Amino acid sequence: MQRAAEDAARRSGDERLAKAIRGGGTLISGLLPIGYEEESSIGQAISLQVVARYGGVSDQSDLTRYVNLVGRAVAGSCDRPEIPYRFAVLNHDSINAFAAPAGYIFVTRGLLKQIQNEAELAAVLGHEIAHVSQKHILQVIQRSKQLAGITEAGLAYTNQNPEAFKGLIDGAVKKLLDEGLDQEKEIEADQLGDVFAARVGYDPTAYVGLLNRLKALKGDDRAFFKTHPNFSTRIAAVQRVMQTEGLKPNGVLLGDRFARLGKQL
Amino acid sequence: MRRGKRQRMSIMVLVIALGLLSGVALAETVFVQAKTAKLRAGKTSLDRVVADLKYGEVLEVLKKEGDWFEVSTAAGVRGWIFANKTMATKPSSGDEALAKLGKSFRRREASDVTASAGARGLDKASETYADKAGISQKDRDAVDGMTAYKIADQEVEDFLKEGGLGEYAR
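Going down the list, the sequences are from chains A and B.
Per the numbering used here, the first sequence starts with residue -12, numbered consecutively.
Per the numbering used here, the second sequence starts with residue 163, numbered consecutively.
Simulated from the structure, these hints should not be mistaken for laboratory data.
Keep in mind the model is a prediction, meaning the values are calculated, not measured.
Even for Gly, the Cβ is constructed at its ideal location relative to N, Cα and C.
All the pointers check out, no bait thrown in.
If you want a taste of the chain B side facing chain A, the calculated C-beta under 7 Å gives, among others:
| no. | residue |
| --- | --- |
| 1 | N246 |
| 2 | A287 |
| 3 | G326 |
Derived lysine-lysine pairs resembling BS3-like cross-links, with alpha carbons at most 30 Å apart:
| no. | chain 1 | residue 1 | chain 2 | residue 2 |
| --- | --- | --- | --- | --- |
| 4 | A | K250 | B | K300 |
| 5 | A | K100 | B | K312 |
| 6 | A | K122 | B | K312 |
Start from the sequences and build out the full structure, keeping to the hints where you can.
Structure (structure tokens):
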């Protein structure tokens, strides 16, 4: 294994990496980044759990298409635009949105009901796109792999050891749906998501408006949104990034288009 | 006298060197930071498209005006690009290269059981996961449908245009 990695590194012209592999032994294979094909398997498996636990996905084709168009508009200008992004509406009344690796993104009916214009939806989807572009969930998996002493999590491994793959996925699902990602990852997703939406031309202040309404609706206690930092912290972080990135409040809101296409609930 | 001449020569060399350096510094390059981007003959979204640019393509900036940059591609095509579709730093590729490398030797370990991720459908690993986790057929079909869901780049472009987004800002 170690030899194969060393040879592969040498053939790719990276002598330094080849030496690192020789020094690092087999452990290095577990530390290598997860490639897109594996990311896709992980994304699909996590998505299966999201769909199963949140009432399945909407079969309203016009609504699905609209959410996909807004999402694709934002994803086209994100920091990782080269992978496919797909969006679905979950038949669930809770106020939530999720991202699984490889570009699988979900928003609940409950959250769509709270949204008032396309710029707000763009920022919500931007937040989830940022989790994918920054590989936040993959980092959780990479870490748990190391903790479990697993040195391989490639497709070959997952097919040979479905039990271990299930363990990794179930751990990631628990983190994503029950415990929440690290607070700084959520803040980063809020900030980047608003930047991505603003890059396409949406008004960056729209997201602050939505977060303020949710705060009024649900309060500022983390007990409700236990998977995210409280609203005041999130609002302050978004306002901070608007200032540092020079995002101007002169983008579009597209309230009419959202009322026509996003409210088909 | 000779010493004075040498000094003048040194100053001249220094001036030329500085000139060259500043010339280098003036040539600003940016990279396409969008899945697709259009290079246009003028600085509005109504101008004729002169080239379709790809993610990560390097461009030399010739002029900046408002939200638009006049650029030249590596192939020497000149035109205007909406500034928000560019970035000063090159999109990272090292990570993916490492990832590919990781996969190449993981595959070697058990190439006969490697799943192939097709354009449509759940792959072998997630299908096996669905079996083990007791996921219903309806939920499998939902993720399957999501994986296969396609919207053409042109439809996204039309959507941006209709909303006055991106380079179609009114």
